[in-house]
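Student: What follows is the residue order along each chain.
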Amino acid sequence: MGSSAPDVYVEEHNVIIAPGGTATRAWPVYWSAIWIGALSALAVGLIFGFIGTALGAHQVGKKIVHLHDLSFWGLVFSVAGAFFSFVVGGWVASSIAGFRRAEDAALHGAIAWLVAQPMFLVLAAFGAASFFGTWYSGLAGTPVWASSSSMTADPNAAIIARNSAIGAVTAMLIGLVGSCIGGWLASGEPMSLTYRRAKQERPERVRARAA
Amino acid sequence: MELFIIEGGSMAYVIMWLLGLPLSLIVLLWLVGIGR
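The listed protein sequences derive, respectively, from chains Y and V. For the first sequence, the numbering used here assigns the number 222 to the last residue and increments by one with no breaks. For the second sequence, the numbering used here assigns the number 24 to the last residue and increments by one with no breaks.
To be clear, the hints were calculated from the coordinates, so they are not data collected in a lab. For each residue, glycine too, the CB sits at the ideal point set by N, CA and C. Mixed in with the good hints, there may be bad ones.
[As the list claims (entries may be wrong)] Using C-beta positions, here's what the derived DEER-type ranges look like:
hint: 1; chain 1: V; residue 1: A0; chain 2: Y; residue 2: A136; range: 40 to 50 Å
hint: 2; chain 1: Y; residue 1: K74; chain 2: V; residue 2: V20; range: 16 to 26 Å
hint: 3; chain 1: V; residue 1: G21; chain 2: Y; residue 2: A65; range: 35 to 45 Å
hint: 4; chain 1: Y; residue 1: S203; chain 2: V; residue 2: R24; range: 29 to 39 Å
hint: 5; chain 1: Y; residue 1: A169; chain 2: V; residue 2: M(-1); range: 39 to 49 Å
hint: 6; chain 1: Y; residue 1: V76; chain 2: V; residue 2: A0; range: 35 to 45 Å
hint: 7; chain 1: Y; residue 1: A169; chain 2: V; residue 2: G21; range: 17 to 27 Å
hint: 8; chain 1: V; residue 1: V2; chain 2: Y; residue 2: H79; range: 16 to 26 Å
hint: 9; chain 1: Y; residue 1: P166; chain 2: V; residue 2: G8; range: 38 to 48 Å
hint: 10; chain 1: V; residue 1: G21; chain 2: Y; residue 2: E114; range: 30 to 40 Å
hint: 11; chain 1: Y; residue 1: M130; chain 2: V; residue 2: V20; range: 26 to 36 Å
hint: 12; chain 1: V; residue 1: I3; chain 2: Y; residue 2: P166; range: 25 to 35 Å
My request is simple: use the sequences and hints to build the entire structure.
Tutor: Printed below as a string of structure tokens:
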């Protein structure tokens, strides 16, 4: 060690020693963490939706005949709302479960996203989807108890249905990406795709290299 | 027996994912004609 080396060198390693076998291949699922993550995502999505509506970024009740009918700020709020609500949801789920591995953490983020989807559909069925922004309002179809005469009268109904579906699926997929990233963030592992963990060094390979 | 070594995450990666991903999505969607 040269003279420029620091006097004290602190290196933190968390070593988890797990026995092999099929039993340890199961991924434990922490449901209470997942529920809280999904509810957090809904709450943050609602906050983004209301702020967007209050600032005039989302136009409530507007039918999207052309995709460029969405305003630029509507686009910004929809993407940011869908992304960050589920980043928070995934982060909360993985933090409460306390994962240190990115895979388990991202899995729990994704499960929190899964749990939030039927919640969105139920809220949309009750007419609350537009609270989350223009894009999520596409989740609301025509309820079975509503008359379909107004739908058939609108010549743009098919185009509006297509654009609503595009908006809704985009928001959902952005949310899924966000939930995995939020979970990964909570695990504390470096968020680099080139990062490799010591797990991948199989003991037999290490022994073979040493021989 | 498996050995996991977990090191601390870097803030630069966190910022890159949390800012870069939504910003690039917004730009991409705007370029395909949404919100113009």
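Student: Identify every previously stated hint that the structure contradicts and give their numbers, smallest first.
Tutor: Per hint list: 3, 8 and 12 violated.
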